[in-house]
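Trainee: One rule links them: number in this note's numbering = place in the sequence shown (from 1) + 9.
Be aware that one or more of the hints could be misleading.
[Unchecked claim] Here are the simulated distance ranges between beta carbons: (1) Pro222 x His290: 21 to 29 Å; (2) Gln246 x Leu204: 24 to 32 Å; (3) Gly142 x Ala114: 34 to 42 Å; (4) Pro233 x Ala70: 47 to 55 Å; (5) His290 x Phe77: 43 to 51 Å; (6) Asp296 x Ala144: 40 to 48 Å; (7) Pro72 x Gly266: 44 to 52 Å.
Quick caveat, the hints were computed from the structure, so don't treat them as lab data.
Every residue, glycine too, gets a C-beta built ideally from N, C-alpha and C.
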Amino acid sequence: MPPGRSTTRVATNRSGARRRWPPILLAWVLIVELITAAAVPLRAEQAARHAQVVTPARAPASPVTREFRVGDRQVRLVGSTVPAVARMMSQIEADIGGAVDAVQAFWGTDWTREISIVVAGTDEEFRVAAGGGPASRWADIAAVTVANRVDPARRLAAGEQIVFAPGAAGMRAGSLRIVLTHELFHYAARADTALNAPRWLTEGVADFVARPPAPVPVDALPVPLALPSDADLDTPQRSSAYDRAWWFARFVADTYGAAKLRDLYAATCGATPVDVPVALHDVLGDDVAVVLVRWHQWASH
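Whenever a hint applies, use it, and build me the whole structure from the sequences.
Mentor: Laid out in structure tokens, this is it:
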């Protein structure tokens, strides 16, 4: 991942590739939060993971926009008449209410009332929206959340959109629901998340909100145990790194309470973030060594 962000990517490479995105995506800076196949439980669904990276066959298409309300929030869903895209739009429309409920249950209701979602029609459109670069960078990406401008000090995130890759149409319904909820948490928290926040923690918390609990595999945590790091997310072993971030978030919520996990996010990822070790002591009341021992005990039971 390029420098300058933890949970988000700052990209200025705006090629002239054709796209259907609204003009707001053409701003001078693109803030990108990405979710990979490793960040959702697709390893148990090999067929879904494979389908995620296969773009449906092209067909004549016309733009489609659906607007509807979920509680007091207005949703704008943009896609096309391509059958696979239309089906994914219908699935997103069916799932967005549950995703909003899950995010609000953890994060609260004080976030933007406007939700914008785009389903890309081609891999190239998705690549450009995601920040450009080689296609291989986005080969296993299901969705991204982008914004034109972010100012956590003013709680401002302008031009936010969740953008789905066309290959996500092949995912199973449950996996797509997880991706939608994960991205919606980032969407909701974006205005309160610093650009230099620890990416591993933002990803772990988003997975905590989106993924159902599952047993931690025996010997899944490394020995000696250490806190996850952003660098871990950019290695060939990133799947297990994302899982460790998720398990850490689950551990904090199970051991100290979900409210403490939210407080930890606010302390380490907010407008004036503090170092994780300091936040662990201030928020959880334990230093790193104690937290690691308790995490290992949690994972062993």
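Trainee: If a hint holds in the structure, say so; if it doesn't, say that too.
Mentor: Here's how the hints hold up against the structure:
Taken as a hint, the range 21 to 29 Å holds for the pair proline 222 and histidine 290, whose Cβ atoms sit roughly 27 Å apart. About 25 Å separates the C-beta atoms of glutamine 246 and leucine 204, a value consistent with the hinted range of 24 to 32 Å. Between glycine 142 and alanine 114 the Cβ separation comes to about 35 Å, which falls inside the hinted range of 34 to 42 Å. Between proline 233 and alanine 70 the Cβ separation comes to about 53 Å, which falls inside the hinted range of 47 to 55 Å.
At about 45 Å, the CB distance of histidine 290 to phenylalanine 77 agrees with the hint of 43 to 51 Å. The beta-carbon spacing between aspartate 296 and alanine 144, approximately 44 Å, falls within the hinted interval of 40 to 48 Å. Between proline 72 and glycine 266 the Cβ separation comes to about 45 Å, which falls inside the hinted range of 44 to 52 Å.
The earlier numbered hints are all upheld by this structure, with none contradicted.
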